[in-house]
Amino acid sequence: MTANHSTRRVAASATPITDEDALAALSQGQIGALGLLYDRYSGVVYDFVRRAVSGESDVDDIVQATFLSAAKTVASRDGKQTCRTWLVGIAGRLLYRRRRGLSRWTRALRELTLRDADKYADPHQALSARDEVNRLSSALAKLSEPKRVVLLLAEAEEQSCEQIARALQVPVGTVWTRLHHARRELRQLLDHAEEQ
Amino acid sequence: MSPPPCQRLWQVEAARDGRLAGSDLSNALRHRAECPDCARAARALGELGQNLKTLPVQPTDTLQRRRTRQALLGAWNAHLLSEPPSKFRPRVALGVAACTLAGVALAVGYPLVRGAAHSPGSVGVQQKTQPGFEPKPPEPARAEPSSEPVLQLQSANVEPNREPTSAKPHPSPTSATGGIVRPERVHAATQPPINSAEDNAYLQIVELLRSGRVAEARAKSAQYLHLFPNGFRRPEVEKIATRKTPNE
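Respectively, the protein sequence lines represent chains H and D. Residue numbering for the first sequence follows this note's numbering, starting at 1 and increasing by one per position. Residue numbering for the second sequence follows this note's numbering, starting at 1 and increasing by one per position.
None of these hints come from the bench; they were simulated from the model. Even glycine gets a Cβ: it sits at the ideal position worked out from N, Cα and C. Any given hint could turn out to be false.
Derived lysine to aspartate or glutamate pairs resembling EDC-like cross-links, with alpha carbons at most 16 Å apart [unchecked claim]:
hint	chain 1	residue 1	chain 2	residue 2
1	D	53	D	37
2	H	80	H	19
3	H	80	H	162
4	D	244	D	216
5	D	53	H	47
6	D	53	H	19
7	H	80	H	132
8	H	142	H	185
9	D	53	H	162
Negatives, chain D to chain H, calculated, CB over 10 Å [unchecked claim]:
hint	residue
10	17
11	26
12	36
13	51
14	53
15	65
16	73
17	93
18	103
19	201
20	236
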């Protein structure tokens, strides 16, 4: 009896906590559940945000805001989404909203910065810039934030347009349009970089 | 001179984004397998997606991640502490709303139904449509409840408009006159009337004793014992009846 009980206890403690369990605990305000989700998905969210903000310094703030927003809105989460999709969608929404008002100014500043960087780049950087990956990074950085977020959610995170629309709280037609323009601009930027 | 690009190139991107479905999607896929332009565009789109997926990012410092974790948990804790627990309980609110609604419906509906049932000349629609139906004449007005005490009526066992019935008390809380008999009154009717003659007789005996008229008191005591063989004061009265006068 005791042996069975202890075996059962060990088996129960050895059972990993699922995402759903953690989310249910988080909805009840348990702080440990938030730490668990952070440990599991902070890497994914960090990677997405780093790609989307292209080396800006407020990556940590955005990641923290993502998980904090997730904790506040966990009760209204759509159960069909996986935890990863949901968290990345929240990060995308934060980036999308953060930049929407200032997208024109930030794009102008970014273009100016990149142009100056190309102008005064040292030979080693110029040599490495010929690399395809760096070209893609530079081209991606020149996209506006909403387009970049939608493109990364669709291509890097492999989310469907409906999922992106739900995450960003925009019509799906907007997602299709932004995605199309993002690909076209990216292609033009890559072609332009190849010509240079 | 190069030939113009395929007019259905847009379908490649549309199919990838889920804008096409059903027969449109199958047609686009069939065309893509045959058209070199569309096949090239599809391949380029796939490569772009793959490159974006494998785009290297600057690795996150472990220490910085821990700091962010600490800050996150602190912020969440502060949020929990600053926000008072909500006292709103949906289930309780739903129950209260349902009870309120039921109460309002009862309060509004019951008088209407009752009024319709008691209104003179009110006849149901179904009854009216039945062939050969004749409305009943209105019943005579019920007798007003008598203002006389119920106790008196029941003790006398006489009803104003009816023949006398059996002597046992009426089992129904409503009296034969249609008036409502209150429970305390029914209780009072079943109890025997309070007879103060016994007390008066005893008090007279005591008065005679106090005034020193023992013989009269003894006579009264004998009278008491004769009238009230099961009287409350029988033990005392018996003592008085056997008391001797000072001369004896």
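To see whether the hints hold, each was checked on the structure:
1. About 24 Å separates the Cα atoms of residue 53 of chain D and residue 37 of chain D, which puts this hinted pair outside 16 Å; it is violated.
2. For the given pair, residue 80 of chain H sits about 13 Å from residue 19 of chain H by alpha-carbon distance, which is consistent with the 16 Å threshold.
3. Using a Cα cut-off of 16 Å, the hinted pair residue 80 of chain H and residue 162 of chain H holds, with the two alpha carbons roughly 12 Å apart.
4. Among the hinted pairs, residue 244 of chain D with residue 216 of chain D is consistent with the structure: their alpha-carbon atoms are about 12 Å apart, no more than 16 Å.
5. Taken as a hint, the residue 53 of chain D and residue 47 of chain H pair is honoured in the structure, with Cα atoms around 10 Å apart against an allowance of 16 Å.
6. Between residue 53 of chain D and residue 19 of chain H, the direct Cα distance comes to roughly 24 Å. Violation of the 16 Å bound is thereby established for this hinted pair.
7. With a CA separation close to 37 Å, the supplied pair residue 80 of chain H and residue 132 of chain H exceeds the 16 Å bound.
8. Using a Cα cut-off of 16 Å, the hinted pair residue 142 of chain H and residue 185 of chain H holds, with the two alpha carbons roughly 9 Å apart.
9. Of the supplied pair hints, the one linking residue 53 of chain D and residue 162 of chain H is violated, its CA atoms being roughly 20 Å apart against a limit of 16 Å.
10. A Cβ of chain H approaches the Cβ of residue 17 of chain D within 10 Å, the least distance being about 5 Å, so the stated non-interface status is violated.
11. The non-interface label for residue 26 of chain D is consistent with chain H: the shortest C-beta to C-beta separation is roughly 19 Å, beyond 10 Å.
12. In this structure residue 36 of chain D is separated from chain H by more than 10 Å, as the shortest Cβ-Cβ distance comes to about 18 Å.
13. The claim that residue 51 of chain D lies off the interface is violated: its Cβ sits roughly 5 Å from the closest Cβ of chain H, which falls inside the 10 Å cut-off.
14. Annotated as non-interface, residue 53 of chain D brings its C-beta within 10 Å of a C-beta of chain H; the closest such distance is 5 Å.
15. The claim that residue 65 of chain D is not at the interface with chain H is violated, since a C-beta of that chain comes within 10 Å of its own (minimum 6 Å).
16. Non-interface status of residue 73 of chain D relative to chain H is broken: a Cβ of that chain comes within 10 Å, the nearest being about 6 Å off.
17. Distance to chain H confirms residue 93 of chain D as a non-interface residue, since its nearest Cβ pair spans about 17 Å, more than 10 Å.
18. Residue placement check: residue 103 of chain D keeps its beta carbon more than 10 Å from all beta carbons of chain H (closest about 32 Å).
19. No Cβ of chain H approaches the Cβ of residue 201 of chain D within 10 Å, the least distance being about 83 Å, so the stated non-interface status holds.
20. Here residue 236 of chain D stays apart from chain H, with its beta-carbon at least about 78 Å from theirs, past the 10 Å limit.
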